[in-house]
Amino acid sequence: MGASRISYRTVHRTLLEQYGEKIDPAGKLNEAELFRRTARIASEAWKKYRLTDSEDLVQFVRFYLLVNPGFDRFPQVQEILKDTKGKSGDFGREMKNLPEAAVDQIKTFSVSGKEQQP
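According to my numbering, the sequence shown is numbered sequentially starting from 1.
Since the hints were made in silico from the structure, they are not lab data. For clarity, every value in this text was computed on a predicted model and none was experimentally measured. From the three backbone atoms N, C-alpha and C, an ideal C-beta is built for every residue, glycine too. Everything hinted at is true.
Think about it this way: if two alpha-carbon atoms lie no more than 25 Å apart in a straight line, the pair counts; the simulated PhoX-like pairs of lysine-lysine are: (1) Lys82 to Lys48; (2) Lys107 to Lys96; (3) Lys107 to Lys82; (4) Lys96 to Lys22; (5) Lys48 to Lys85; (6) Lys107 to Lys22; (7) Lys48 to Lys87.
Here are the computed distance ranges between Cβ atoms for each label pair: (8) Lys107 to Asp83: 18 to 24 Å; (9) Glu31 to Arg5: 20 to 26 Å; (10) Arg9 to Tyr49: 17 to 23 Å.
Using the sequences and the accompanying hints, generate a full structural model.
Shown next, in the form of structure tokens:
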């Protein structure tokens, strides 16, 4: 059996270092549960978009958990995914550099196209 192309441990540690308590604000999950949740979301990023770079995955999980679980369907994010396809690390960089106004729009975005109430 070969080594995994994705270091879930690196993704998990980076999320905890950069976003700490925001990842589990209620403090209800133990370390193993937090890790499994991170790995599950990161594996979805691989399945859907073939993201393997740790920073790409950190940003995917960050936006999923802290901004909006449906963030990847937001038109601007779809464009970023398309433009960065096959370019390791570019998705993470682009998402990290999104203007705050765009992040605010993503927060209220819903799949139906209607804005959610915060």
